[in-house]
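S.K.: Each chain, written out:
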Amino acid sequence: MSDKILRGKAHIFGDNIDTDAIIPARYMVTSDPAELAKHVMEDADPDFAKNAKKGDVIVAKKNFGCGSSREHAPVAIKAAGISCVIAKSYARIFYRNCFNMGLAIFESADAPDKIRPGDEITVDMNTGEITNVTKNEKYMAAPIPPFMQQLIEAGGLMASVQKKMGLVSPSGK
Amino acid sequence: MKMTITERILADHAGLESVKPGQLVNCKVDIALANDITAPISIKEFRRIGAKKVFDKERVVFVADHFAPNKDIESAMQVKMVRDFSAEFGITNFYDAGTMGVEHTLLPEKGLVGPGDLVIGADSHTCTYGALGAFASGVGSTDLAAAMITGEAWYRVPETMLFNLKGKPRKWVGGKDVILYIIGKIGVDGALYKAMEYTGDMIGHLTQDDRFTICNMAIEAGAKNGIFTADAVTKEYVNGRFKREAKYYASDPGANYSEKFDINADDIELMVAFPHLPSNTRGISKVGEVKIDQVVIGSCTNGRYSDLKVTAEILRGKKVAKGVRLIVIPATPLIYKQAMNAGLFDVFMDANAVVSTPTCGPCLGGHMGILAEGEKALSTTNRNFVGRMGHRKSEIYLAGPAVAAATAIAGKICSPEDVL
Ligand code: SF4
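Residue numbers (this note's numbering), protein chains in the order written: chain A, 1 to 173; chain Y, 1 to 420.
Among the hints, a few may not be true.
What the hints assert, rightly or not - In the DSS-like style, the derived pairs of lysine-lysine whose C-alpha atoms are separated by at most 27 Å in a straight line are: (1) Y/K185 <-> A/K61; (2) A/K164 <-> Y/K57; (3) Y/K318 <-> Y/K337; (4) A/K54 <-> A/K9; (5) Y/K393 <-> A/K50; (6) Y/K28 <-> Y/K243; (7) Y/K44 <-> A/K164; (8) A/K54 <-> A/K114; (9) Y/K319 <-> Y/K337; (10) A/K88 <-> A/K4; (11) A/K38 <-> Y/K44; (12) A/K164 <-> Y/K52; (13) Y/K286 <-> Y/K319; (14) Y/K393 <-> A/K61; (15) Y/K28 <-> A/K164; (16) A/K163 <-> Y/K44; (17) A/K4 <-> A/K61; (18) A/K9 <-> A/K53; (19) Y/K57 <-> Y/K243; (20) Y/K185 <-> Y/K166; (21) A/K135 <-> A/K50; (22) A/K163 <-> Y/K57; (23) A/K163 <-> Y/K28; (24) Y/K53 <-> A/K164; (25) Y/K185 <-> A/K88; (26) A/K53 <-> A/K88; (27) A/K135 <-> A/K53; (28) Y/K376 <-> Y/K318; (29) A/K61 <-> A/K50; (30) Y/K71 <-> Y/K110; (31) A/K163 <-> Y/K53; (32) Y/K260 <-> A/K88; (33) A/K38 <-> Y/K393; (34) A/K38 <-> Y/K80; (35) A/K54 <-> A/K4; (36) Y/K20 <-> A/K88; (37) Y/K71 <-> A/K38; (38) A/K163 <-> Y/K52.
The hints are simulated quantities; they were obtained by calculation from the structure and are not laboratory data. Every value quoted in this text rests on a predicted model; they were computed, and no experiment measured them.
Chain A with its partners taken away, still in its complex shape:
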């Protein structure tokens, strides 16, 4: 895994933030990340896309990403420059999609209750340690399961499929 430290301001959301709130279906006539990013979280907070800065962190309570299977949801969050999501729990398809899309997500029991809007947050990708710089507090995120770590190290699901099937990208990428 990378030894990256993520850093940004916290945006707080509640329980059961669904994929329709993350990216409403009315915008899914396209899968262009930049276009989707303009409407990210719109039905939960219409001003979110305007206020979110590069590196910012989404903090939510339980069952984040419930509802549809749309990958547009993690794609929109990532394209909006959000560095990671911290929540108490995630819906399963969203969870899978995040690893496939390369959006960092962390599960933490206490951080979502303690972090306040606008708090400056850092997350150590390696250890899962979350630091609230504003309040000078530390919280822990659950470690990423080994199988998921392997997927990330292999460069994601498609990279592992490509290797397994002996495929070569047309552009040579």
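The hints should help you fit chain Y with the ligand onto chain A, whose structure is shown.
M.R.: This is chain Y with the ligand only, laid out in the frame that chain A set:
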């Protein structure tokens, strides 16, 4: 080792003697499905890594149902991408306008999925097929792309929750009421990552359609899959329809369950889910006065022939209340034709309802019935999240077809008993 039906199907498809919850397994898939929203992303991934063929031309299924018949230029481009890909790679099961229906109603109807199958679908309601005794679960487009190429997918074997359904449902009560009642009890994350297995004597009173509706909404409780064991009703549904050989699995006596629930028919009224969560349920007797602007009857949850029949039974000889729009959407061309030939369209149109061609349409706020600011809809679909059907200040109430039809007549949420 004693296993649940979900564990048995996963073990067999992974080529293993046995599996247990928490284990990660790589499984062969029988069918890989995507729609007009999710397939384009899978196709882009397929091409990006230089794949040359799909794992099986007959087992990759594409259905253009969400924004189709194409509602605008962007959606037309998406469907075109799927159409072109299907032609180039010889995909036999691509369903375009004319043969297209709402995917989770269409696949069982066409006999493309059946008992014992492992189905992966880039659509969250893929879990519907569990009603046939299959393991079926939704994923995102990238997982689907991997399955399209390799014919395989990885899963974490889920814990299973057992729901013992007891007794005979009251009049008008159907699959939708049963599942709304259960979700109201356990919550929208009550079955997170788990399998929801159904057993008990109530099943004998549930039609195959009721069971599809119940499994359809497993995802609304956060579940990985919902599942029934195939019985005589399922066998009758499958016979002469399912194109491959059915494999009948069942849970072993003494299999391990993470939780067990008793669900009594006596406790289940006609149910309504209030905005903005499917778990926000109330029995019809506790709904109070809720005026409605639009009623939608359709979708992969309740757009089947039996749903239209119930609707017509209540609507016959009556009119939709003034100021209310009733939109009826048969889920597939076959259902459309059956309803038309049975004279149900006369009933609907005489009542001033709109009858639409098969499409997901308003279910996801796509087209064919979008809500304005402040409007309230009662819908037989499966999600009532903020903004799901239109303006973020609109509201959606979920119910089965009986409540929907009665509500259209009364203009406020009510039971069929109030209008008959
Ligand atoms: S009818 Fe609704 S829930 Fe079903 S597949 Fe279509 S959009 Fe999804």
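S.K.: For the pair supplied as a hint, A/K54 and A/K114, confirm whether the alpha-carbon distance does not exceed 27 Å.
M.R.: Cα-Cα ~22 Å, so holds.
S.K.: Are the Cα atoms of A/K38 and Y/K393 separated by 27 Å or less?
M.R.: Measuring from Cα to Cα gives roughly 20 Å; hence the hint holds.
S.K.: Hinted pair, alpha-carbon criterion (27 Å max): Y/K28, A/K164. Please report holds or violated.
M.R.: Between Y/K28 and A/K164 the Cα gap is close to 15 Å, so the pair holds against 27 Å.
S.K.: For the pair supplied as a hint, A/K135 and A/K53, is the alpha-carbon distance within the 27 Å limit?
M.R.: Since the Cα atoms of A/K135 and A/K53 sit roughly 20 Å apart, the hinted pair holds (cutoff 27 Å).
S.K.: With a cut-off of 27 Å on the C-alpha distance, tell me whether Y/K185 and A/K61 pass.
M.R.: Within the cut-off at roughly 20 Å; holds.
S.K.: When you check the alpha-carbon spacing of Y/K71 and A/K38, does it fall within 27 Å?
M.R.: holds, 22 Å
S.K.: Assess, step by step, whether the Cα of Y/K28 is no farther than 27 Å from the Cα of Y/K243, and give holds or violated.
M.R.: holds, 18 Å
S.K.: When you check the alpha-carbon spacing of Y/K319 and Y/K337, does it fall within 27 Å?
M.R.: holds, 23 Å
S.K.: Regarding the pair Y/K286 and Y/K319, is the alpha-carbon distance no greater than 27 Å?
M.R.: holds, 25 Å
S.K.: Need the status of pair Y/K53, A/K164: alpha-carbon distance at most 27 Å?
M.R.: holds, 15 Å
S.K.: For the pair we were handed, A/K164 and Y/K57, check the Cα-Cα distance against 27 Å.
M.R.: Distance of about 20 Å is within 27 Å: holds.
S.K.: Taking 27 Å as the top limit, are the C-alpha atoms of Y/K71 and Y/K110 close enough?
M.R.: holds, 25 Å
Comparing the model with each earlier hint shows no violations; every hint is respected.
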